[in-house]
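There are 2 protein chains.
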Amino acid sequence: MSHLLVATATQQAGVAFEQFAKVATENRALFLNTIADQIEALGDTLLQTAHEETHLPLARLTGERGRTCYQLRMFATMLRKGDYVEASIDTAIPEKTPPKPDIRRMLYPLGPVVVFGASNFPFAYSTAGGDTASALAAGCPVIVKAHPGHLKTSTLVSQAIQDAAAKTNMPSHVFQHITTTDFETGKQLVQDENICAVGFTGSRTGGRALYDYASSRENPIPVFSEMGSVNPVVLLPDALQQNSESIAKNYAGSITLGVGQFCTNPGILIGLQSEALQNFSQQLAHEMNQIAAGTMLHEGIQAAYIKNSAQALQQDGISCLTNPVSNLTDTSNSANHQATPILTTVKGSVFLANPTFAEEVFGPYSILVQCGSMEELIAVWKKVKGQITTTIMGTDVDFKQYPQLLDIAMHIAGRVLINGVPTGVEVCDSMVHGGPYPATTDSRFTAVGVKAVKRWLRPISFQSWPNHLLPVYLQNENPLQIWREVNGQLTKDAVS
Amino acid sequence: MSHLLVATATQQAGVAFEQFAKVATENRALFLNTIADQIEALGDTLLQTAHEETHLPLARLTGERGRTCYQLRMFATMLRKGDYVEASIDTAIPEKTPPKPDIRRMLYPLGPVVVFGASNFPFAYSTAGGDTASALAAGCPVIVKAHPGHLKTSTLVSQAIQDAAAKTNMPSHVFQHITTTDFETGKQLVQDENICAVGFTGSRTGGRALYDYASSRENPIPVFSEMGSVNPVVLLPDALQQNSESIAKNYAGSITLGVGQFCTNPGILIGLQSEALQNFSQQLAHEMNQIAAGTMLHEGIQAAYIKNSAQALQQDGISCLTNPVSNLTDTSNSANHQATPILTTVKGSVFLANPTFAEEVFGPYSILVQCGSMEELIAVWKKVKGQITTTIMGTDVDFKQYPQLLDIAMHIAGRVLINGVPTGVEVCDSMVHGGPYPATTDSRFTAVGVKAVKRWLRPISFQSWPNHLLPVYLQNENPLQIWREVNGQLTKDAVS
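Keeping their order, the protein sequence lines are chains A and B.
Quick note: the first sequence uses this note's numbering, first residue 1, plus one each step.
Quick note: the second sequence uses this note's numbering, first residue 1, plus one each step.
Same shape as in the complex, but just chain A:
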């Protein structure tokens, strides 16, 4: 794509923003719902295309399409509810010295957003995924740069969005789809003066590069890059004593779910050296050996899996607990982009001495770190930096003995689980899919759930506006019947 074409697209997005920011939220809600309808109307063609491009099973793709449409409709519901603008009203106090003016506040869209889709979620984190849905809900025009791994799928979905925009009379260029996959196009998009924010899901290298482009602009813009994570899991002694077998079963499933291609995949398990941990490691390896090799998204991802797991296995002090991995380089597996589940183990002291072990091996791989003391366990846990999730497997006995672990967990991750598996990201109000760097480039926001819309909004104060000129959210009568903070009190009442 020539530079001129990108410049045209972003300029058109800028013009679209002036119109789109004014579109009533009811009409934006209709637009989002119609996108969901149009995606569903693509039927098996869409599923089949995605299956051919990503090798993901049809059942998984059907589920992911459902989630994608659910998200679009969830944001439509949010718009109709209206509370998301965080309306706040402080009425005037003329008799104060100096007089207090009438000041009202609500959230307002940032401007055109560029979205980079993910390889591992052709629907839910791509063209009409959470970033696009939340940005459109916010009132921001979107330019999607399609992921090269599923261009045809992305084009089908983009047509569904365009059709929905036409059906619901949205401004021209409210959504644009760019299929040029070269690196320069992405860079130019992020650096263009008409672009006001960026959403990205993918590798740390890619997410950081976009962040660097954006922060070195003359006017820096926010970038929400959601990047890799190893999602450390702490296995406490009493839990292993009590429930070793079921934990092993659940974790074998979680580590290999979707051939390990989830950003919430548990890549590091940490426990205290003991007979119980020994038993658990054997049970987990046994369970993982039962799970057949699976087809990865594409050759490049498989090649990286083979390379990164081989690199880990070459380090001193590591051993492999699952079956010998000669099949890593098996050509038949390679032809099908297949990956065999791998469980490795090291001592805590070895893990701490070698930063390679803390690096993500994207795929059905996990490393069990066996620590000599709770201090060592905590040191290992803290070494893995910012994470999307962290999990503690423990009983009441464990938590009584080690109460400090809960605080440490909160410092590490955006989501902290007790006695669960991190895979499976529930789309709901309370979900935080984010976390400190390098999990994301801005831990103050989430990429999943209703609150993902906050990434694309900024607050505006309206001082001394005549009531009839105010946005409808802030008018005295509260015509939309939304929750508002009026002089510090939450209420749906009108301002008298």
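In short, the hints are calculated from the structure, not lab data.
You may find that some hints are simply not true.
Note: identical chains are not told apart, hence a pair may lie in one copy or across any two.
No farther apart than 25 Å at their CA atoms in a straight line, the calculated lysine-lysine pairs in the BS3-like style are these [as the list claims (entries may be wrong)]: (1) Lys-382 <-> Lys-167; (2) Lys-187 <-> Lys-152; (3) Lys-383 <-> Lys-347; (4) Lys-100 <-> Lys-81.
For clarity, every value in this text was computed on a predicted model and none was experimentally measured.
Position chain B relative to chain A; hints supplied.
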């Protein structure tokens, strides 16, 4: 200050965070209130010291001290109210396929924050100002780098904070004060791995430099720099016909308030060429001529005022409406750091052709831009980029004729006023003191008002936690009686 001392301070802040994040909000509230008490207990000594260092009048300093203590107590009230954590609860639905787990969410402190004080607000935007108060309220330890313009004042206030910390049993090093004023110390603080966020109020050069240091770290951190602004004011024809004289009086006061040393100072006035605008310009110049020269904060600021206003006056097409400005270089004025109010004017076409005119002249200076058409007026308005405020002076007749102006205003600024003056920043829930770059480095947040606390918080999800292990905000019983979103509905009820 040696590198070692900075490293020690940040390391101590990191240790303090682990303790401080666990301190009950009631105790944090007590800490903030005690800081306010201790500042007030410093009495006239504090005011006199600040007056000697900043040349600000005692009446103004008394007011600013009041505002500073009000802010500290406001955040204490916020903590006791508890709603600021944005608690949200989605209860489990075991019968769903797959089962929906129990997920709860609240905001949690980011970690140690570095605050850079402002020259023009020795209390309200400095050592115990809005940044420090909101960060401590959030649960983040603070390191203040004192402003060289008021080191003694800063040291007195820092002692008040230390005393309050001791009296209320806060963790050691919850607050630290660094008086080394060299550039390298600031850079090292922002780049230190223990530091998790930065607050700054000051020049665009300074604010941008800190942002660049923070964003080029191995793990980038958020920087909230609140920088300069010219706060454009649009003067519509009917308003000038009806109220020319009172607008001139109010704006002469606003332009010269505090010798023009406010980030909300109206530096650019924009109107349509007409007899009414001519009359207004003469009235405004007349009013400004009545206002005596005032003493600026320090010699450097005065020197910059003289240099920048002289530079503007040297441009082609500008003329000066106030009295001749020979006294700009008057040595007696210079000795007292005095500044004479200046009103200049240019045609819209001249303004558009020369970027110098859009630059801030910090001090009692404003430029009146006379435009040949509404299109030209809008072009001039948009040219000044992101602003803290923008104002429209207009009547119902004006707004009927030019309804598009309200939308444009929202795209430009963080606070939009109708028929007011931008100086005077009310500390309240609905205040937004922020705006698109270059007003700030993150338009999604405010530096003033209760919501300033959001800059230092990130959300965490708690999945499947036993009720008794959850933070008190999220426990079923709602022991703090706060507003929570439970399965999408705002309520203070317990979860059954």
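Checked hints:
Proximity of Lys-382 and Lys-167 under a CA criterion of 25 Å is satisfied in neither setting, with 51 Å inside one chain copy and 33 Å between copies. Proximity of Lys-187 and Lys-152 under a CA criterion of 25 Å is satisfied intra-copy only: 22 Å inside one chain copy versus 48 Å between copies. Within a single copy, Lys-383 and Lys-347 get their C-alpha atoms as close as 14 Å, which meets the 25 Å cut-off; across copies the closest is 61 Å, which misses it. In the homo-oligomer, the alpha carbons of Lys-100 and Lys-81 lie at most 25 Å apart only across protomers (23 Å), although the nearest pairing inside one protomer, at 31 Å, exceeds that limit.
Hint compliance for this structure: hint 1 alone is broken.
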